[in-house]
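Kindly generate the complete structure, drawing on both the sequences and the hints.
The numbering used here puts the first residue of the sequence shown at 1, with every later residue one more than the last.
No lab work stands behind these hints, which were simulated from the structure alone.
Fair warning: there could be bad hints in the mix.
For each label pair, taking beta carbons as the anchor points, the in silico distance ranges come out as [claimed, not checked]:
| no. | residue 1 | residue 2 | range |
| --- | --- | --- | --- |
| 1 | P100 | K31 | 33 to 41 Å |
| 2 | S61 | E22 | 37 to 45 Å |
| 3 | A53 | T95 | 46 to 54 Å |
| 4 | G96 | I28 | 31 to 39 Å |
| 5 | S78 | E26 | 19 to 27 Å |
| 6 | T23 | S78 | 15 to 23 Å |
| 7 | E67 | N118 | 20 to 28 Å |
| 8 | P100 | A60 | 34 to 42 Å |
| 9 | E22 | I114 | 25 to 33 Å |
| 10 | K98 | A53 | 48 to 56 Å |
| 11 | M1 | K115 | 18 to 26 Å |
| 12 | T112 | A64 | 21 to 29 Å |
| 13 | E12 | E92 | 34 to 42 Å |
| 14 | E57 | L7 | 39 to 47 Å |
Under the rule of at most 25 Å between Cα atoms (straight-line distance), these lysine to any residue pairs were calculated in the SDA-like manner [to be verified]:
| no. | residue 1 | residue 2 |
| --- | --- | --- |
| 15 | K74 | T16 |
| 16 | K115 | K27 |
| 17 | K74 | L25 |
| 18 | K90 | L25 |
| 19 | K27 | N77 |
| 20 | K98 | T87 |
| 21 | K98 | M83 |
| 22 | K11 | L25 |
| 23 | K13 | T3 |
| 24 | K19 | Q6 |
| 25 | K74 | C116 |
| 26 | K74 | A106 |
| 27 | K90 | M1 |
| 28 | K82 | R103 |
| 29 | K71 | G86 |
| 30 | K27 | T87 |
| 31 | K72 | A53 |
| 32 | K19 | L7 |
| 33 | K71 | N118 |
| 34 | K72 | L15 |
The structure displayed is predicted, hence computed values, not measured ones.
For every residue, glycine included, the Cβ atom is placed at its ideal position computed from N, Cα and C.
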Amino acid sequence: MLTIEQLSELKEKLLTEKKSTETELEKIAEKRGGEDVRAKFELMDERDEEANADEVEEYASDLAVTEALEKKLKEINSALEKMETGTYGKCENCTGEKIPVERLRAYPAAATCIKCQN
1 MLTIEQLSEL
11 KEKLLTEKKS
21 TETELEKIAE
31 KRGGEDVRAK
41 FELMDERDEE
51 ANADEVEEYA
61 SDLAVTEALE
71 KKLKEINSAL
81 EKMETGTYGK
91 CENCTGEKIP
101 VERLRAYPAA
111 ATCIKCQN
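Take a look at the structure:
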């Protein structure tokens, strides 16, 4: 079981990572003038892709980064929620086995133990 000090340390890491991730998402949104990257990318037809290859490439890159950051933010929020409910640090796959503190320190949003991750 995690100690209060360990939980506090890991919560601080999660909150720092959450702020950093949100900042990165905001930067992408600002770069795009607040427009939805997915919506614009989905509206482009083949003629647009050929005529604006650089723009398409940039949108595709932004879309991939945005999706990765959103996934990361979801994992962080899930971990923070688990802290509130008392289920943080328990593997989601193997009947609640404890996730080693070393793994949580390396990746505080981990939802599975190393065995289940592989």
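Hint check results:
1. Taken as a hint, the range 33 to 41 Å holds for the pair P100 and K31, whose Cβ atoms sit roughly 39 Å apart.
2. Take S61 and E22: their Cβ atoms lie about 19 Å apart, and the range 37 to 45 Å is violated.
3. Between A53 and T95 the CB atoms are about 51 Å apart, so this pair conforms to the stated range of 46 to 54 Å.
4. Between G96 and I28 the Cβ separation comes to about 37 Å, which falls inside the hinted range of 31 to 39 Å.
5. Evaluation of the 19 to 27 Å hint for S78 and E26 yields a pass: the beta carbon distance comes to about 21 Å.
6. Checked against the given bound of 15 to 23 Å, the beta carbons of T23 and S78, roughly 20 Å apart, stay inside it.
7. Between E67 and N118 the C-beta distance comes to about 23 Å, which sits within the given range of 20 to 28 Å.
8. A beta carbon spacing of about 38 Å between P100 and A60 agrees with the range 34 to 42 Å that was offered as a hint.
9. Taking 25 to 33 Å as the suggested C-beta distance range, the pair E22 and I114 conforms, at roughly 28 Å.
10. Between K98 and A53 the C-beta distance comes to about 50 Å, which sits within the given range of 48 to 56 Å.
11. In this structure the hint that M1 and K115 lie 18 to 26 Å apart at CB holds, the actual value being about 19 Å.
12. Take T112 and A64: their Cβ atoms lie about 24 Å apart, and the range 21 to 29 Å holds.
13. Evaluation of the 34 to 42 Å hint for E12 and E92 yields a failure: the beta carbon distance comes to about 23 Å.
14. Under the hint 39 to 47 Å, the C-beta atoms of E57 and L7, about 43 Å apart, fit the expected range.
15. Only pairs whose Cα atoms come within 25 Å are accepted, and K74 paired with T16 is accepted, the gap being roughly 14 Å.
16. Restraint check: the Cα-Cα separation between K115 and K27 comes to about 36 Å, which exceeds 25 Å; the hinted pair is violated.
17. Only pairs whose Cα atoms come within 25 Å are accepted, and K74 paired with L25 is accepted, the gap being roughly 13 Å.
18. For the suggested pair K90 and L25, the alpha carbons sit about 29 Å apart, so the restraint of at most 25 Å is broken.
19. Restraint check for K27 and N77: satisfied, since their Cα atoms lie roughly 20 Å apart, inside the 25 Å limit.
20. Only pairs whose Cα atoms come within 25 Å are accepted, and K98 paired with T87 is accepted, the gap being roughly 10 Å.
21. Taking the CA atoms of K98 and M83, the gap is about 14 Å. The hint holds against a cut of 25 Å.
22. Of the supplied pair hints, the one linking K11 and L25 holds, its CA atoms being roughly 21 Å apart against a limit of 25 Å.
23. Between K13 and T3 the CA atoms are separated by roughly 15 Å; this keeps the pair inside 25 Å, and the hint holds.
24. About 20 Å separates the Cα atoms of K19 and Q6, which keeps this hinted pair within 25 Å; it holds.
25. A threshold of 25 Å between alpha carbons decides the hint, and for K74 with C116 the separation of about 19 Å falls inside it, so the pair holds.
26. Taking the CA atoms of K74 and A106, the gap is about 18 Å. The hint holds against a cut of 25 Å.
27. Taking the CA atoms of K90 and M1, the gap is near 9 Å; set against the 25 Å cutoff, the hint holds.
28. Under the criterion of a C-alpha separation no larger than 25 Å, the hint pairing K82 with R103 is consistent with the structure, at around 16 Å.
29. Annotation: proposed proximity of K71 to G86 holds, straight-line Cα distance about 22 Å (limit 25 Å).
30. With a C-alpha separation of about 33 Å, the suggested pair K27 and T87 falls outside the 25 Å cut-off, and the hint is violated.
31. Distance restraint check for K72 and A53: the Cα-Cα separation of roughly 29 Å exceeds the 25 Å cut-off, and the hinted pair is therefore not satisfied.
32. The straight-line distance between the Cα atoms of K19 and L7 is roughly 18 Å, inside the 25 Å bound, and the hint therefore holds.
33. The hinted pair formed by K71 and N118 meets the criterion: a straight-line CA distance of about 19 Å does not exceed 25 Å.
34. The hinted pair formed by K72 and L15 meets the criterion: a straight-line CA distance of about 12 Å does not exceed 25 Å.
Of the numbered hints stated above, those contradicted by the structure are hints 2, 13, 16, 18, 30 and 31, listed in ascending order.
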